[in-house]
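In the UniProt record's numbering, the protein residues as written are 1 to 527.
For the record, the hints were derived by calculation from the structure and aren't laboratory data. Computed from a prediction, not measured in an experiment: that's the story for all the values here. Please note that a few of the clues may not be correct.
As the list claims (entries may be wrong) - Straight-line alpha carbon distances no greater than 35 Å define the calculated DSBU-like cross-link-like pairs of lysine-lysine that follow:
(1) Lys10 x Lys478
(2) Lys514 x Lys416
(3) Lys73 x Lys4
(4) Lys478 x Lys268
(5) Lys486 x Lys219
(6) Lys4 x Lys70
(7) Lys478 x Lys288
(8) Lys10 x Lys62
(9) Lys268 x Lys219
(10) Lys100 x Lys153
(11) Lys219 x Lys292
To be verified - Beta-carbon label-pair distances, calculated as ranges:
(12) Ser424 x Phe527: 38 to 44 Å
(13) Thr495 x Thr9: 32 to 38 Å
(14) Leu333 x Gly516: 29 to 35 Å
(15) Gln497 x Asn47: 45 to 51 Å
Backbone N, C-alpha and C fix where the C-beta goes; we use that ideal spot for every residue, glycine too.
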Amino acid sequence: MTDKTLDLTKTYLGIECGSTRIKAVLIDSEYNVVATGVHDWENRLENGIWTYSQEDIFAGVKDCYRDLKKNVKEKYGQTITTLGAIGISGMMHGYLAFDKEGRLLTPFRTWRNTNARDASAQLTELFNFNIPERWSISHLYQSILNNDEHVHKLDYICTLSGYIHRILTGNRYQGIGDAVGMFPIDPKTNTYVQKMVDQFDEAVASKNYSWKLLDILPKVMVAGENAGTLTEEGARFLDEDGDLKSGIVLCPPEGDAGTGMVATNSVKVRTGNISAGTSIFAMIVLEKALDKLHREIDMVTTPDGHPVAMAHANNCTSDLNAWVSLFAEFLKLSGHKVDMNEVFSLLYNNALTGDADCGGLLSYGYYSGEFITDLEEGRPLFVRKPDANFNLANFMRSHLYSSLGATKMGMDILIKDENVKLDSLLGHGGLFKTRGVGQQIMADAMNVPVSVMETASEGGPWGIAILASYVINSSGLKLDEFLSQKVFNANKGTTLQPNPEGVKGFEKFMEDYKNGLAIERQSTLSF
Numbered sequence: 001m002t003d004k005t006l007d008l009t010k011t012y013l014g015i016e017c018g019s020t021r022i023k024a025v026l027i028d029s030e031y032n033v034v035a036t037g038v039h040d041w042e043n044r045l046e047n048g049i050w051t052y053s054q055e056d057i058f059a060g061v062k063d064c065y066r067d068l069k070k071n072v073k074e075k076y077g078q079t080i081t082t083l084g085a086i087g088i089s090g091m092m093h094g095y096l097a098f099d100k101e102g103r104l105l106t107p108f109r110t111w112r113n114t115n116a117r118d119a120s121a122q123l124t125e126l127f128n129f130n131i132p133e134r135w136s137i138s139h140l141y142q143s144i145l146n147n148d149e150h151v152h153k154l155d156y157i158c159t160l161s162g163y164i165h166r167i168l169t170g171n172r173y174q175g176i177g178d179a180v181g182m183f184p185i186d187p188k189t190n191t192y193v194q195k196m197v198d199q200f201d202e203a204v205a206s207k208n209y210s211w212k213l214l215d216i217l218p219k220v221m222v223a224g225e226n227a228g229t230l231t232e233e234g235a236r237f238l239d240e241d242g243d244l245k246s247g248i249v250l251c252p253p254e255g256d257a258g259t260g261m262v263a264t265n266s267v268k269v270r271t272g273n274i275s276a277g278t279s280i281f282a283m284i285v286l287e288k289a290l291d292k293l294h295r296e297i298d299m300v301t302t303p304d305g306h307p308v309a310m311a312h313a314n315n316c317t318s319d320l321n322a323w324v325s326l327f328a329e330f331l332k333l334s335g336h337k338v339d340m341n342e343v344f345s346l347l348y349n350n351a352l353t354g355d356a357d358c359g360g361l362l363s364y365g366y367y368s369g370e371f372i373t374d375l376e377e378g379r380p381l382f383v384r385k386p387d388a389n390f391n392l393a394n395f396m397r398s399h400l401y402s403s404l405g406a407t408k409m410g411m412d413i414l415i416k417d418e419n420v421k422l423d424s425l426l427g428h429g430g431l432f433k434t435r436g437v438g439q440q441i442m443a444d445a446m447n448v449p450v451s452v453m454e455t456a457s458e459g460g461p462w463g464i465a466i467l468a469s470y471v472i473n474s475s476g477l478k479l480d481e482f483l484s485q486k487v488f489n490a491n492k493g494t495t496l497q498p499n500p501e502g503v504k505g506f507e508k509f510m511e512d513y514k515n516g517l518a519i520e521r522q523s524t525l526s527f
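Whenever a hint applies, use it, and build me the whole structure from the sequences.
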């Protein structure tokens, strides 16, 4: 236990529901992490849908908060009774649909689902604007195309962060950086594009639903706005012991893309960040709109509403982690004590000694479908030629490269085709936990300097805690000013430059990656 005492009224709580972990981060007035809480979970494929049950959501959030509360008690001897502000964030996109009584009408459809292809294509044509399959409006329209019965009972749809926020506050609000993954946003008005809303309503008018689109979408809010206060019911939901008091301010609920931008101080024009975990997305804050419509690129926003181009891929580290676990299992069988951090470090650092082009080895870490490469399903796959330089370093390097493959294709559209200017990328997420390895490979892949802050390991949960603090402590500063002047003014990190040999090697690997997609495609048909 430390001798330090927390002023709980000047602490700020961020809770983010990620793909494999729900994490709570409590920060102080200097934006330092003072305590954390975690709950591990995993989505399931049920009846062809990637989902988490309502019970998973409730139990996970409660357990995460319980763990945070326990850690605060153990470290400071204090029981959390109040907080300065709270923020909720979660996986972007997906589909949670409710009736007038607040009952969930259909299992939660996560970002990972790729079964809204028809809806995505038809809406993109209707709006002349890219509407990815992951977006909430695609899931809704696919349900309409499928004549799903639940659509007639709709009262409200939202993302995961919006759902938890509503439980805590009773408000149907969505932060703009998450709302933009539901329906296109007009950067001039910071709300849904009215022309497209009208087009959608007209397209479904013959169905005679009792609702119009704006009736069922959450209200859009930007960073710094007060998104309500914790109700008595919300306090009892979060803290079943009854110690937490109501009345605490909440910031707008955000998506993991927005919290990633905040956590890496990349909300300014010509900055970008890349979040590499179970899924991966790279985002660049734009100077101007793109010249063309690209199905591979999502148009999103910063939490304060600036336009951002995103290259998103469903698959990143899942298959990579599976191989690391396999080697750890071998170590355990051989009688060695297994420290997973050490296993990752050994394998990742050894990968840097491999051939720059992976020596002719090729892999695809596709646990699920991948829109950028036009695959509805995924099959993790490893392929090599008989004369390939097959060794452990090249094997691991190929899986590290492959984790970036689809996103690299999207980034090439922005940088090579659209001539988008990018001064630097800031990385965060699980890929960067082994110091220097994922960072160097990312710099080589994108051919741009990549920085990792000391706070990168905290990622999105820290970012949403910062946004919670911003509601109370903005002092009239714009978000980018608040981050630069108050949050990151003394933050240290490391920057790695692209290695010319690594850049050349990654480009060669990508030639094989693109040519080999036919193998991946065939595997989904025959196995």
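Cross-check of the supplied hints:
Proposed proximity of Lys10 and Lys478 is supported: the alpha carbons are some 21 Å apart, at most 35 Å. The hinted pair formed by Lys514 and Lys416 meets the criterion: a straight-line CA distance of about 17 Å does not exceed 35 Å. Proximity of Lys73 to Lys4 is assessed by CA-CA distance (about 12 Å); at most 35 Å being required, the pair is judged to hold. About 11 Å separates the Cα atoms of Lys478 and Lys268, which keeps this hinted pair within 35 Å; it holds.
For a cut-off of 35 Å, the pair hint linking Lys486 to Lys219 stands: about 29 Å separates their Cα positions. Straight-line distance between C-alpha atoms of Lys4 and Lys70 comes to about 16 Å, which keeps the hinted pair within the 35 Å bound. As the CA atoms of Lys478 and Lys288 are separated by approximately 20 Å, the hinted pair is consistent with the 35 Å bound. A hinted pair counts as satisfied when its Cα atoms are at most 35 Å apart, and Lys10 with Lys62 qualifies at roughly 22 Å.
With a CA separation close to 25 Å, the supplied pair Lys268 and Lys219 stays within the 35 Å bound. A C-alpha spacing of about 8 Å is found between Lys100 and Lys153, which places the hinted pair at or below 35 Å, so the restraint holds. Between Lys219 and Lys292 the alpha-carbon distance is near 29 Å, which keeps this suggested pair within the 35 Å criterion. Between Ser424 and Phe527 the CB atoms are about 41 Å apart, so this pair conforms to the stated range of 38 to 44 Å.
For Thr495 and Thr9, the hinted distance range of 32 to 38 Å is satisfied, since their beta carbons lie about 37 Å from each other. For the hinted restraint 29 to 35 Å between Leu333 and Gly516, the CB-CB distance of approximately 32 Å keeps it satisfied. Between Gln497 and Asn47 the C-beta distance comes to about 48 Å, which sits within the given range of 45 to 51 Å.
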